[in-house]
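Could you build the full structure based on these sequences and the hints that come with them?
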Amino acid sequence: MTLHTPHDLLEAVGNLPESGDDVIVDATDVHKWFGRLHVLKGVNLTVRRREVVVLIGPSGSGKTTFLRCINHLERIQQGEICVNGHLIGYRTENGKLVEDREREIARQRSEIGMVFQRFNLFPHMTALENIIEAPIQVRGISMDEAREMGLKLLERVGLAAKVNTYPQQLSGGQQQRVAIARALAMRPSLILFDEPTSALDPEMIGEVLDVMKELAHEGMTMIVVSHEMGFAREVADRAVMMDEGIIIEEGTPEALFSHPREERTQAFLSKIL
Amino acid sequence: MTSAHPGLSRPGTRSAARLTGFVLLALVLAACGRSSYQYNWNIVVDSVIRPDRLILSGLWLTLSISVISQLIGVILGVFGAIGRIARLAPVRWLASFYVWFFRGTPLLVQITFIFFGLGVTGVYRWPDLVLLGITVSGNVQAGIVALGLNEGAYMTEIVRAGILAIDPGQMEAAKSLGMTYRKAMRRIVLPQAARVIVPPLGNEFNNMLKTTSLLVIISVPELYVTFSRKNASGPTVFHPFELFIAAAIWYLLLTTIWGLIQAQIERRLARGTGAAADAQPGMIRRLFGAQREVGR
Chain A
1 MTLHTPHDLL EAVGNLPESG DDVIVDATDV HKWFGRLHVL KGVNLTVRRR EVVVLIGPSG
61 SGKTTFLRCI NHLERIQQGE ICVNGHLIGY RTENGKLVED REREIARQRS EIGMVFQRFN
121 LFPHMTALEN IIEAPIQVRG ISMDEAREMG LKLLERVGLA AKVNTYPQQL SGGQQQRVAI
181 ARALAMRPSL ILFDEPTSAL DPEMIGEVLD VMKELAHEGM TMIVVSHEMG FAREVADRAV
241 MMDEGIIIEE GTPEALFSHP REERTQAFLS KIL
Chain B
1001 MTSAHPGLSR PGTRSAARLT GFVLLALVLA ACGRSSYQYN WNIVVDSVIR PDRLILSGLW
1061 LTLSISVISQ LIGVILGVFG AIGRIARLAP VRWLASFYVW FFRGTPLLVQ ITFIFFGLGV
1121 TGVYRWPDLV LLGITVSGNV QAGIVALGLN EGAYMTEIVR AGILAIDPGQ MEAAKSLGMT
1181 YRKAMRRIVL PQAARVIVPP LGNEFNNMLK TTSLLVIISV PELYVTFSRK NASGPTVFHP
1241 FELFIAAAIW YLLLTTIWGL IQAQIERRLA RGTGAAADAQ PGMIRRLFGA QREVGR
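Each protein sequence line maps, in turn, to chains A and B. The first sequence stops at residue 273 when you use the working numbering, and every number in between is there. The second sequence stops at residue 1296 when you use the working numbering, and every number in between is there.
Since the hints were derived computationally from the structure, they do not count as laboratory data. Small disclaimer: the values here were computed from a predicted structure and weren't measured. Be aware that one or more of the hints could be misleading.
A few chain B residues that don't get close to chain A, going by computed Cβ distances all over 12 Å [claimed, not checked]: (1) Phe1022; (2) Trp1093; (3) Phe1097; (4) Ser1176; (5) Pro1240.
From the structure, some residues in chain A lie toward chain B, with a derived Cβ separation under 7 Å [claimed, not checked]: (6) Leu73; (7) His86; (8) Glu102; (9) Ala106; (10) Met114; (11) Arg118; (12) Phe122; (13) Ala134; (14) Gln137; (15) Val138; (16) Ser142.
Backbone N, C-alpha and C define an ideal beta-carbon position, used for all residues, glycine too.
Following this line, the structure appears as structure tokens:
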């Protein structure tokens, strides 16, 4: 796959990142229980515009759950998460947190892209239809405009020839690239990646990481749950280590991977490197 | 019967089945010949080839009642299924109660209760209605309502199973793109569930075509009642053998045509799945193909 000039992916949808480094995600003391299981025990994280943050940690450490809280796919029981300065999923009424109306939650989610481990493309729609479905249904843009944008996006992720192909006939790497294009089509201010390469065959990881690297270079704000150390070192501004429902250590990828302070981080890294 | 000989080659299996068919037919004809009954085969031929107005209107009623009742059933089924999986407990209870009640009582009881029960108490007297210039009599309306409500309960479970068969990741992906639950259901989940729902739905409609005959209890002059009346009076009085062979042929025609239509629908819904449209068996093979698969 060829890398394009800067801003190619985002320009395709007219979503050039704003300048400045204001806070995009601000999570404070986030707690979550699954029944009696306390999975998030007070997570604090701030992500600024254009930042790329990689979340690592052993399985069951709560990193995926935390990611899913950021667009309210999971409810939280304590603390708060703000995206673009607005509380996610909740509003304050008389000093109490009340779950938001569905329509409002949906509106907030439309600003936050998400890429799933298992792609979750819509199997009854072609690659192009997958991409233009939400812009038409949610944003209400015209079919022509959506098609034009969708075709551009598919071209930029190297799948111009697969416009009318159904997901089942695409390889895992191709499906994940369509999924990234689908997220981009909503012009999100932030994209969450939930282990985007861990369901892929090894030879397809590169093509997906290339698209993600390009996005990072273009200035997209990204939170990535991933153990791809090469990717983290190359494009991440920060690596965050989670264990047992809290963030135990964070720093530049270089510092965290080469000189971890915490014993648990050392133990974890020694297992995956 | 041929399944007892899985070793038979396919052409052999087919001719064996054909042979068995001929032998059975010959036995039946021989049995007919030995009885003292005066067979009037013209009744069968006439009823099928030259159906009179009574038969045609019975056919029309059977078909239209089936289609309308099934449509009501599907609509109730979609809402029932969404109710069964709703977040709000009272909605779930209501949907469960509906399914429990209509699946737990005989259809014959429901038909009788809805027409006579509601009529005699004056809750609803089922007056005739004129819709688009067609007069729909009260018992036909009651029959459609009863069949539709009953069907809705079964469709609720079928649709619910279809929705539950869809990966929850689909709903999550739709929500993460900013769709509301409703929109995600309508655009993403239900179209995929339809693929799972159509085969059992076809089965339900096949049943519906025949179940309309239960409306005899409220004297709806559909196909069965028509032949039943021909057996009770008129030129063909007391010829149940010939009349009900003719009735069976009509029902077989309806269900066979439906089988062909259903195969077409399933082929269409298969797009995007591993089973590409042209890999699906053809209509004829689907209908009569079962015995040919034996021996594989």
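Against the structure, the hints:
At the 12 Å boundary, the C-beta of Phe1022/B stays outside the reach of chain A, the nearest C-beta of that chain being 46 Å off. The non-interface label for Trp1093/B is consistent with chain A: the shortest C-beta to C-beta separation is roughly 22 Å, beyond 12 Å. The beta carbon of Phe1097/B sits about 26 Å from the closest Cβ of chain A, which is more than 12 Å, so the claim that it is off the interface holds. Interface exclusion of Ser1176/B from chain A breaks down, the closest Cβ pair being 4 Å apart, not more than 12 Å.
No beta-carbon of chain A comes within 12 Å of the beta-carbon of Pro1240/B; the shortest separation is about 50 Å. Because the smallest distance between the Cβ of Leu73/A and any Cβ of chain B comes to about 6 Å, under 7 Å, the interface hint for this residue holds. Against a cut-off of 7 Å between C-beta atoms, the interface hint on His86/A is violated, since the closest Cβ of chain B lies about 14 Å away. Hint status for Glu102/A relative to chain B: holds, with the closest Cβ pair at about 6 Å, below 7 Å.
The interface hint given for Ala106/A holds, since its Cβ lies 5 Å from the closest Cβ of chain B, which is under the 7 Å cut-off. With its C-beta approaching chain B no nearer than about 4 Å, Met114/A sits inside the 7 Å limit, and its interface hint holds. Hint status for Arg118/A: holds, given a least beta-carbon distance of 6 Å to chain B, under 7 Å. Given the 7 Å rule on beta carbons, the hint for Phe122/A holds: about 6 Å separates it from the nearest Cβ of chain B.
A least Cβ separation of about 4 Å between Ala134/A and chain B falls short of the 7 Å threshold, and the interface hint therefore holds. Because the smallest distance between the Cβ of Gln137/A and any Cβ of chain B comes to about 6 Å, under 7 Å, the interface hint for this residue holds. Hint on Val138/A holds. Least Cβ distance to chain B is approximately 4 Å, under the 7 Å limit. Taking 7 Å as the C-beta contact cut-off toward chain B, the hint placing Ser142/A at the interface is violated, the least distance being around 17 Å.
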